[in-house]
Structure formats: C-alpha cells, structure tokens
Amino acid sequence: MALTREQMAQRVARELKDGYYVNLGIGIPTLVANYVPTDMDVMLQSENGLLGMGEFPTEGQLDADMINAGKQTVTARTGASIFNSAESFAMIRGGHVDLTVLGAFEVDVEGNIASWMIPGKLVKGMGGAMDLVAGADNIIVTMTHASKDGESKLLPRCSLPLTGAGCIRKVLTDLAYLEIENGAFILRETAPGVSVEEIIEKTAGKLIVADDVKEMTF
Amino acid sequence: MAGLDKRVATYEQALEGLTDNMTVLAGGFGLCGIPENLIGEIKRRGVKGLTVVSNNCGVDGFGLGVLLEDHQIRKMVASYVGENAEFERQLLSGELEVELTPQGTLAEKMRAGGAGIPAFFTATGYGTPVADGKEVREFNGRKYILEEAITGDFAIVKGWKADHYGNVVYRNTAQNFNPLAATAGKITVVEVEEIVEPGVLLPSEIHTPGIYVDRVIVGTFEKRIEKRTVKA
Numbered sequence: 001m002a003l004t005r006e007q008m009a010q011r012v013a014r015e016l017k018d019g020y021y022v023n024l025g026i027g028i029p030t031l032v033a034n035y036v037p038t039d040m041d042v043m044l045q046s047e048n049g050l051l052g053m054g055e056f057p058t059e060g061q062l063d064a065d066m067i068n069a070g071k072q073t074v075t076a077r078t079g080a081s082i083f084n085s086a087e088s089f090a091m092i093r094g095g096h097v098d099l100t101v102l103g104a105f106e107v108d109v110e111g112n113i114a115s116w117m118i119p120g121k122l123v124k125g126m127g128g129a130m131d132l133v134a135g136a137d138n139i140i141v142t143m144t145h146a147s148k149d150g151e152s153k154l155l156p157r158c159s160l161p162l163t164g165a166g167c168i169r170k171v172l173t174d175l176a177y178l179e180i181e182n183g184a185f186i187l188r189e190t191a192p193g194v195s196v197e198e199i200i201e202k203t204a205g206k207l208i209v210a211d212d213v214k215e216m217t218f
Numbered sequence: 001m002a003g004l005d006k007r008v009a010t011y012e013q014a015l016e017g018l019t020d021n022m023t024v025l026a027g028g029f030g031l032c033g034i035p036e037n038l039i040g041e042i043k044r045r046g047v048k049g050l051t052v053v054s055n056n057c058g059v060d061g062f063g064l065g066v067l068l069e070d071h072q073i074r075k076m077v078a079s080y081v082g083e084n085a086e087f088e089r090q091l092l093s094g095e096l097e098v099e100l101t102p103q104g105t106l107a108e109k110m111r112a113g114g115a116g117i118p119a120f121f122t123a124t125g126y127g128t129p130v131a132d133g134k135e136v137r138e139f140n141g142r143k144y145i146l147e148e149a150i151t152g153d154f155a156i157v158k159g160w161k162a163d164h165y166g167n168v169v170y171r172n173t174a175q176n177f178n179p180l181a182a183t184a185g186k187i188t189v190v191e192v193e194e195i196v197e198p199g200v201l202l203p204s205e206i207h208t209p210g211i212y213v214d215r216v217i218v219g220t221f222e223k224r225i226e227k228r229t230v231k232a
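Protein chains in written order, with this note's numbering: chain V, 1 to 218; chain S, 1 to 232.
Chain S extracted, bound-state conformation (with noise of 0.2 angstroms):
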C-alpha cells in the first residue's frame, strides 16, 4: 500500500516544491478551517511572489496574514479582506493586487478547476464591476457572465481526520473551501488533527476521497476564533 500512503512526517515534506510565484489555494473561512501550520511553513520557507486564492487573508498576525509581514503574497483572489489593517495598506500602496470575487463565483471557480470545467456562466456579478470584460450570454431571457475556473501548483487544506490513503472528512463549519481547494491543487496538501488507521473512517462518510490528495501530515492546532459570541 506504499503507493497508496499519503503520509508525509515534517511540514517541510509537506510543501516540498514549493517556490516562488506560485499559486496556492487555501481553504478556509475567516479562521474557522484555515490550514494553520502549512501557512506558517510557507512563511518559513520564505518564497514570494504567491497568488494566494482563498475566501479571505487571515487577520493581522494570524492566518494568511503572516505572509503579508514578509510581502510574500503578490495577488490575492479572495471574497471579503476586511478584517486586516496590514492587507489594506499593502492595497493601498499598490504592493499588494487583489481580485475581488463573489464567494459563490469563488468557490465554483475551485469546484470547476477540480472537475476539469475550464469555465461556467453565472448570473453572480452581472450589471456589476466583477462583469468587466467578461463574456455576457443569455439563456432564457437571463444574463449571465463567464467565470473561468481555478486551479494552483499547491492546495492547503485543513482537515479533521484523515487516513493513510489520503480519505478526508472535515469537522463542522470547518468544511467551507476545503474540499473544494482540495479537489483543484496539482500537489494538494492537507492538515489533520488526527490521522487514523484505514477502515475507521466510513467510505460513505468522506468528504474529500484521497485520489485528490497527494500528501497528509498530523498537526496541532489554535483554532483561534474570530468573533466569539455566547448566550446571554
């Protein structure tokens, strides 16, 4: 089953091949899911020039934000940045591009790229600036416009257990981008809190099956939550 084995035992492996001006696909949604320790390995190794593709940038400090400190993002393609004061002066002095995304268009963008649709028309966005450029079909008296799919060199994606084939299931709201980011990395590297032996996990309860994983690694994580709110 060697060949079958996803397993990898240091981040280092984790991201091996990982260079410069890649793109990398990252799930998560704001912290919940994020892949905690395979950002800060990317930070170690110091590449830049990334496209990062991921529903947000962390906040400062945390998350994705970590890459912004060392400028190692040169784009990113994300839905909603406005939790992160380094992120916006980095825009705003025009170190940092952003392409803005609906995160309905962001999350098919990933779902096409890992099915092999190179690109899907959606009403999302019609009549708005994210038209711009973009082809406008109707069908059945609607306008849509099209959205080209999302692939990257890397996904990194945070799971909850997985086993040795690389099987996949996620916990809670912590699913968001994962599977997706999962599906459309052409090395796709996921995080786990638990790695377990095969045949715990049910064939019908895997989220993301391990033909779109190419290596697994066990991590501890803070989970930091972004908003906490309670029952009164």
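In isolation and in its complexed conformation, chain V is listed as follows (with noise of 0.2 angstroms):
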C-alpha cells in the first residue's frame, strides 16, 4: 500500500532530532509537526518572520497579527521569536536551519528540483522555496512518487522550470524513501506491501536498489 500523507509525515518526523530547527513547507510537511517526538524539543522556523511556531489558536486566542508562512493563524511557542523578513531569511541562506521539508513536482538524479511554475499554467511564484533549497544542507522533498497518470516524478533530469540546482539529497514518496548518490536515486526504505519492482518500473531516473533495502514499519 502507498503511504498515506500521514505515513509520509510520521515517516519523514523519524529524521528529526532533538535541538533542531526546522522549516516545514505547505502540505504534507506541515504534518510533520504532529509527529515530533514527545521526549524532544524542536523549533519550527516559519518563513514570514517566526521560529518557534506554535498549535493554531484556540478561538479566545486567534489574532489577524499571528500566522505562519501558509497564512494560516498560529501561536507562538514558550522560548519564541520574531523578526523581520531579511532576518528570516538569513537564518535560512546562512544555513542556520537544521532540517527543511517541503514538496515538489519533480526532483532528478542531480539532485534538482522542480516545485514553483508549470509554464503555460497559472504561475503563482516561488515564495521562500528557492531560498529554503538553495540554504539547506539537509532537505527532505516529499511528494507521490508518480504523476495520477501514472508519469514518474523521479526523473533523469528535470522537465520542469528548476526550483534549485543540485540541492536534493533524500526524497520521501508515497512509495518509498530515497537517497540521491552519483547521479541516482538509492532505494533505501519501500512502503509497507510495495515491492522493489514497483518502484523501479515507476522511477524514471536511474535507481539503485540498496544492498540493505528496509520495508517501513508503522
């Protein structure tokens, strides 16, 4: 069976460590935040201008002055800050941020990856992705491992307009999690009930099954 988006958020929260900090786009990475393990502190930096994002408010609590990089209304944490966008940002370009986790429509054995613009649809911009990819050691994308068509979304290179340029390292599907090495993809971990064949006949890109390749467990 595929992961659903909270396997996948649970999955990815096994990479977590406590003392991160850690930016978590929209979608399936801000689920993460309901997997963090209860024995570690970890901050949540939100790109707008706050680290150390909170639970949403409670109705008593809501206010139009406090939300998060989805513009969703938030709280802000015991030991919170909050500042401007150029500082913001600064903790992400100068790689300050431990883990960043967001998504995207294509990622390729260079480690590129494609996640803001499908030329000849609405273009909506890139927001904080180009910044977030291109200041991180350590990302995370996740995304379906397949296209509802069917296309492979693990790719030789890249179709689509790039978000960064061989920033990617580790790529969680709904199929499987993979680590970009030389030019592939390593097939490390595979989705409870999806066998190894599956995802190679979905990964377009180069794929290398690891010796040690694990079935996830939930």
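Honestly, I wouldn't trust all of these hints.
[As the list claims (entries may be wrong)] Away from chain V, derived, C-beta distances all over 10 angstroms, residues of chain S:
id, residue
1, Glu16
2, Asn37
3, Asp70
4, Gln90
5, Pro118
6, Thr128
7, Tyr165
8, Val196
9, Lys223
10, Glu226
[Stated by the list, open to error] List time: in silico DSSO-like cross-link candidates among lysine-lysine, alpha-carbon distance up to 27 angstroms:
id, chain 1, residue 1, chain 2, residue 2
11, V, Lys170, V, Lys124
12, S, Lys75, V, Lys121
13, V, Lys124, S, Lys75
[As the list claims (entries may be wrong)] To spell it out: a stretch of chain V is covered by chain S in this simulated footprint if at least three of its residues, at any positions, have a beta carbon under 8 angstroms from a beta carbon of chain S; those stretches are:
id, segment
14, 24 to 38
15, 70 to 82
16, 87 to 94
17, 124 to 138
18, 179 to 192
Just so you know, the hints here were simulated from the structure itself, not pulled from any lab data. Glycine included, each C-beta is placed from N, C-alpha and C at the ideal position.
Each chain sits in its own coordinate frame; assemble them with the hints.
Right, dumping it as structure tokens:
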C-alpha cells in the first residue's frame, strides 16, 4: 500500500533530532509537526518571520497579526522569537536551519528540484522555496512517486523550470524513501507492501536498490 | 521638536507627492501587516503606471488587489501572487507585468536598497529561470548570482505603535517586510494603530528608528484574516 499523507509525515518525523530548528513547507510537510516525538525539543521556523511556531490558536487566542508562512493563524510557543523577513531569510540562506521539508513536482538524479512553475499554467510564484533549497544542507522532499496518470516524478532530468540545482539528497514518496548519490536514486526503504519491482517501474531516473533495502514499519 | 515631528493628520497629506509611474514598496505578508488605508489612499488618488514591490498582491477586493481594479499597477515585483483572480486575468492578458522574485531575495533587495548596497550575490535562484541574464560568480567553490537592490519613491508601511519621532514597533508577525520597506523608500510613510507620546516606546524596543520615517499617521484597520485556523 502506498503511504498515506499522515504516514509520510510520520516517516519524515523520524529524521528529526532533539534540538533541531526545522522549516516545514505547505501540505504534507506541515503535518510533520503532529509527529514530533514528545521527548524531543524541536523549534519550527516559519519564513514570514517566526521561530517557534506553536499550535493553532483557540477562538480566544485568534490573532490576525499572528500567522505562519501558509497564512494560517497560529500561536508562538515558549521560547519563540519574531523578526523581519530579511532576518528570517538570513537564518535560511545562512544555513542555520537544521532540516527543511518541502514538496515538489519533480526531482532528478542530479539533485535538481522543480516545484514552483508549470509553463502554460498559472504561475503563482516561488515564495521562499528557492531560498530554502539553496540555503539548507539537509532537505527532505515529500511528493507522490508518480502523477495521477502514472508518470514518474523521479526523473533523469527535471522537465519543469527548476527551483534549485543540485541541492536535493533525500526524497520521501508515497512508495519509498530514496537518497540521491552520484547521479542515481538509491532505494533505501519501501512502503509497507510495495514491491521493489513497482518502485523500479515507477522511477524514470537511474535507480540503485540498496543491498540493505528495508520495508518501513508504522 | 517640530522638525522631527513626523505626524500628519490626513491620508491625503500622508501620500502627498505620489504621482503616476512611481515605484511603491509595500510592507505585509499575505494580508498580515498590510498598510490598508495607505493602499486605499493610492486608489482614491487614481495614480497609474505604478511599479509595486510587495511579497504578495493582496486578494480580490482587499489589500493591493484593490489597485488592480482600476489598472493602477503596471508592474508587480513579488514572490507569490496565487491568491488573486483579477491578478491572474491581467497577467494572462498582458495588461500587467510581473517580476517573480524569491522571497528571501526580495527581502534582501529591500534591505540592501535601504542600506546603500547596490547589489549582492546569493545562491538562491542559481540554475533556475530567476538567474536568466544575471552575472554568476563563484565563491569557495559555489555559484552565486548577482541581485540588484530595490529602492522606492514611496514606501508604505503598517506599524503597531509609533511616536512623534517616527520610531515604530510592529506587532507579532505583522512585522514581516515592513521594517525593510521602511528603510528603502525615498519617502517612507507609516500608518499605525496608535501614536504614543515620545518616551513611551523604549529605545531598545524600536524596530524601525525614526531616521527612516518621513510621515506617520494613525488609522483604523480591518485586519482581515486570510486563512482562519483554530484548534479543534
């Protein structure tokens, strides 16, 4: 079975470490916040200018001046700080964020990522995604392995305009966890009940199956 | 102290001198911390051909979106413009020019503009369409692109509290691009929820020192919420 969105978030959360500063993108990455282990202290960065994003507010706490990068109303946790957008991106571009999780349309064997523009369709803009992928060392891309009509999103070469070049090393799809090394996807883990053959079939870019490939457990 | 008293009484005075084809920098992220009433005054004045620099362009009927209704914006410099149907229509029909700029690069362009730095190198956007036509340099084995600073004829800013001297503090994440825009306007206009007596704001808590600010006005704000999310 392909992973659910919740399971994908759960799997990403296993990459968290106590004391990490983490930026979570919109969509599945946002759900990772629900799976931070209770024995860990992790600070979430929201690129509009909040370090220490807390839970959604109660009706009583609702504050139009308190939002996250997805423009949702949020709260600040104990230990949080708030700052301007240049300061926020100094943290990101200066490599101070320990882990960045974001979605994508495509990734390729060279670590290129395309996530912001589909030519001929509406162009909404890149927001902070180009800064995030250029600034972080440790990035996990979350996406479905193939499009709805079965086209692989793990490619020899991205077909869409790039968000960043050569910056992605880790990809979690609904079928597998893969790393990118030396011009190939390395299959490290399969989703429960998903065969290696199915992943090979749905990966257009060069794929190497790790000797110690594991099945994820939840 | 009259020479350093930045207060003005009306929105008309606040944007005195704004004319067609000027560049306006606007603070705000989404609908959070946007200078609602200064945008309204731009609409009332009917100036056209503006270049507007702001992270977003409001929504239909609110925020900078209202300036699209009468085609007052010729060019928009922004990082994300996906919340606005009229924007999309004008973009696709060629009525509106758009320069999409990564959010961190946009913030840094304003910061640099205000700080007298004409351009800077950044890794953001290297290898992407954003790098087209831009100088590339290698530092310590990594490639960077040259991005030029932005300044504006006017900066329109939303603060929380200000004093007569134009010292400003922002509230929570309504800070965002506001302090950066404030530094980079030839004429910087700040609208706030409250003007306090000099000395009330502690020197160490000021976000935007008054040296950057030309005019301060107090207004009332709708503060519309774009995505209202509450705990279940």
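Going through the hints against the structure:
no.: 1; hint: Glu16; verdict: 27 angstroms, holds
no.: 2; hint: Asn37; verdict: 15 angstroms, holds
no.: 3; hint: Asp70; verdict: 23 angstroms, holds
no.: 4; hint: Gln90; verdict: 12 angstroms, holds
no.: 5; hint: Pro118; verdict: 16 angstroms, holds
no.: 6; hint: Thr128; verdict: 4 angstroms, violated
no.: 7; hint: Tyr165; verdict: 20 angstroms, holds
no.: 8; hint: Val196; verdict: 18 angstroms, holds
no.: 9; hint: Lys223; verdict: 4 angstroms, violated
no.: 10; hint: Glu226; verdict: 4 angstroms, violated
no.: 11; hint: V:Lys170 to V:Lys124; verdict: 26 angstroms, holds
no.: 12; hint: S:Lys75 to V:Lys121; verdict: 20 angstroms, holds
no.: 13; hint: V:Lys124 to S:Lys75; verdict: 15 angstroms, holds
no.: 14; hint: 24 to 38; verdict: violated (count 0)
no.: 15; hint: 70 to 82; verdict: holds (count 7)
no.: 16; hint: 87 to 94; verdict: holds (count 4)
no.: 17; hint: 124 to 138; verdict: holds (count 10)
no.: 18; hint: 179 to 192; verdict: violated (count 0)
Of the numbered hints stated above, those contradicted by the structure are hints 6, 9, 10, 14, 18, listed in ascending order.
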